[in-house]
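Just so we're aligned, residue 1 is where the sequence shown starts under the numbering used here, counting upward by one.
Just so you know, these hints were derived from the structure itself, not from any lab. Each hint can be trusted.
Cut-off 20 Å, straight-line C-alpha distance, at most; resulting in silico cross-link-like pairs (SDA-like, lysine to any residue):
| # | residue 1 | residue 2 |
| --- | --- | --- |
| 1 | 71 | 106 |
| 2 | 62 | 51 |
| 3 | 166 | 142 |
Cβ-Cβ distance ranges computed for the label pairs, FRET-style:
| # | residue 1 | residue 2 | range |
| --- | --- | --- | --- |
| 4 | 99 | 160 | 44 to 52 Å |
| 5 | 109 | 15 | 17 to 25 Å |
| 6 | 16 | 161 | 42 to 50 Å |
Note that this is a predicted model, so its numbers are computed, not measured. Note that beta-carbon positions come from the ideal geometry of N, C-alpha and C, so glycine has one too.
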Amino acid sequence: MPDSEARWYVVHTYSGYENKVASNLKTTVENRGLENLIQEIKVPTEMVTEIKDNKPKEVERKVFPGYVLVKMVMNDDAWYVVRNIRGCTGFVGPNSKPVALTDEEVERMGFEEKQIEVNYDVGDSVRIIDSPFEDSIGVVDFLDKQNNCVRVIIHMFGRETPVELKLNQVEPL
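Just need the whole structure built from these sequences, with the hints factored in.
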């Protein structure tokens, strides 16, 4: 089972125990000094508007109830620590044998974004390569590398129109 690089794994928990498992695992990692093996622990949540008594209310809801995501270097020690946390029923995979999430799955889930290096700046001309405005040419108006977003001004129907895109949806001319 050894793997030298940290990967994301899915841990199955008892229903409603996701936060408790994550908390206990973080404490165990700190107490045993295993930060180099178990690097991140996440319980993905999202904000949802529920209507109760005819009033909208923002509530936090678990994206994957019954599961905790752990970024770890898989070896016997790390496996043992995670597997023996109270409330944990095992790893997701055939016969509870851990199977790492692929890079595409991690990116799709959106809980780990790679920093994208861009070779354009505000004022540069760019081509949109992925969106409904594909193949349009415009000028970068705003660039936010931390939030992976760029605003491009394109000419459409005789007007200047701002378009919000992700950094990897445009390329310099």
